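J.: Single-letter residue listing:
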Amino acid sequence: MFNVLIDYRHLFFEGFLTTIKLLVLIVVIGVPLGILLGVIGGRYSDVVSRLVSSLKFLTKVIPVLVLLFWLHYPLQAILKVVIDPFWTTIIALGFVNLVSVAFIIQSELKLLPVAYREAGITLGMSKGQIVRYIELPILMKRVLPSISLNQASMLEYTLFASLISVPELFRVAQSINAMVYDPVSIYSLLVLFFAIILAPLHLFISWYKKNNIIEYD
Amino acid sequence: MIKVNNLTKKYSNFENSEEGINNISFEVEKGEVVSILGPSGSGKSTLLKLLAGLKEQDSGTYSFGDDVGVGYVSQEYTLWPHLNVLENLTLAPILKNPSYKTEIEKEASELLNRFDLDKYSNTYPHELSGGQKQRVALLRSLMTKPKILLLDEITSSLDPELTKSVLDLVRTLANEGYTMLVVTHHISFAKSISDKVLFLKKGSVLVSQDANDFFANQNNLEIQSFTKDIEHKYDY
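Residue numbers (our numbering), protein chains in the order written: chain A, 1 to 217; chain B, 1 to 236.
Honestly, I wouldn't trust all of these hints.
[What the hints assert, rightly or not] Stretch-level coverage of chain B by chain A, calculated; a stretch enters the list once three of its residues show a Cβ under 8 Å from a Cβ in chain A:
1. 51 to 64
2. 68 to 75
3. 137 to 144
[Said to hold, decoys possible] Cross-link-like lysine-lysine pairs, in silico, BS3-like; alpha carbons within 25 Å at most:
4. A:110 / B:55
5. A:127 / B:49
6. B:96 / A:127
7. B:30 / B:101
None of these hints come from the bench; they were simulated from the model. These numbers come from a predicted model, not from an experiment. Built from N, CA and C at the ideal position, the CB exists for glycine as well.
Just chain B, with the same shape it has in the complex (with noise of 0.2 Å):
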């Protein structure tokens, strides 16, 4: 589970454009898939980083209790550019245990397999599309066994059809039980798969709901026009 207890981070406007968050707690309990909403600047990428320990709080402790693996995955793309799908995947598995090497490939064979992206085992970040670059790195964030996967927007550089191609993943992902934390702009996609929304508002939670009652009996105007605005914009 994510235990997260008066979490700040707070930026001066000169050092970064992203906006820090305020006194954040929250829980998420193991299996449940929280999508985090909210307008730019609210804080949700910044929290994400924190999670992933790319970044240092001024103030506030987390927790992942017994899960100690967490996957990131973030908008931009990460795929090393000198090595190829194969290697990406397996580079820091097999660093931490190089006398596994074999079956540490095997293994990111398979997964490739299992996601019908084995055929680029062997091709370069340069050659592929966004959605594949994205699904690559999200199984990449796999090969470390996370219990915990933090997605920060992967879709948000990818047209519609290649978006789809990653949510799908993404679900299924969700459907194999992983605790998941999911940055998103598709309201239908977070629809489908959360238990939870957290919603943001510079840097502090407005609205930390049930899913079905936040979608479904949403009272909060801001939010309303919010989640109809996104909707219209980015869901395919």
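In isolation and in its complexed conformation, chain A is listed as follows (with noise of 0.2 Å):
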């Protein structure tokens, strides 16, 4: 299995980069934007709110795969632009995360009881220290694992973009494949690759969620 790794080391070394670049991106985008809109959305304004939920039912509905089609031939054809498939990737990948991060930042934000800041206020706390020492703290322990568990999420929807010939992992792979044909050694190294990268995220995500998430009275 190794043999096929070490023979094509360059290639399989620029699609891993392809698809970090690709994962990097859309969360660098995704999520503090997602967090900046969440929070307008959840604490200041409805027509956000709302805007953030229509969004969110959006992308429950349109698959992300047909997403990344309409974005890749219908839309650019309408458009009579040419946009790069990365480029188009990390768009329709960056909106998805985006929306999904700000939907459960407001979602979380509503549900934080009103009387922790209330108590706050009493003790005679300012704003910011209440949002950096009562509410921030609380809210970053309760969506910390829906946001991580989104982004490990994102690096599987970045498989999508070898069906817009975007040369990330899966491409370079099916690409050797079709060059060596030795599918049990390529596939089994893809296996490989995402189980060291997704199994310590997701038992990280489940410690934290047994030791640290937050309950509401």
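Fit the two chains together into the complex; they arrive one by one in their own frames, and the hints show the way.
T.: Printed below as a string of structure tokens:
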């Protein structure tokens, strides 16, 4: 199995690098912007809240693969533009990630009991202190497992990029298999790669949920 | 002392399920304990939230004289779930005086020790009973050294056994000279600690009376019926 890996290490490495680049960009776009949008929707604006809920509904009813294909072919044909498939993937998955993170944050903010904030006010804490020392730590403890799971799903979704010719790991594996025909070794390597990355993440999430989750009264 | 003058807060029915209050005026002398009684929706919680600074009045004024510190404990469980008991007590005072962290922690430990809660110092709120949570919340409010305590039905979600431990703590604090406004459904408790009673109805003061007179010589049939009903329902 490892002979293929050694012989085609450069190709595998490039595929691996593309997958990691995709994931990093999807996370970098989705998480901070999602948190920002979620905070606005959960705390400050009903319009944004409704928008986030509608977009979340949209991402539920349109499968990620269909969205990716729609952005790659019909939309670009309608707009008469050509966007690199790598960036089409970033836009599609970044959008799905952003909406999911925003929805998680927004929902949690709405669940956060007002009584915690009121207790802080009556004890003389400033708004900033209440956010920093009470609301944010509680919120982060509550949302970390869901947001982490979402990022794990994003890594899995990067596989769809192979279908629009992005040379990520799966696409590279297919190409190598077309050259040497050794599916057992090649796809076993893929299994190993995803297991090595995702297993610790899922184990951490399970451990975290068991030890850190905060239940409201 | 507490001086309330024509305090008014109105809610539209669509905005809030709580009832507002309408032109409420009263005074509470230093060290006095005043029980606020009245049916649901009479504005008791709204009045306390206004005085605690959690809501803004539409009109009217209130002042606390020289007593600057006000402590407030509500009927909801408000202990911060990510902090243990000691941290719940010390967070706000330490943020105010970071250089006195050791002294504040010592003071909190002594307070917990005094009320037999020191064994829970490192315990998180979800591991406490409802009565313990409310007692810790009360002690937390004492950490800011208030002279006035506003207690809003702090036993409403507790069973009778747990209720007793919380009311005993309130009774101890009343004996220590805190000025208190206490919203309660426990008539025997109100009888035992109150100097005065305010009875609210539909956001207004129906009766403001010396506690002994209120309970012993009550002529108002509506109040008689109310106290009889809730005495039967809530008292242990």
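J.: Determine which of the earlier numbered hints do not hold for this structure and return their numbers in increasing order.
T.: 7
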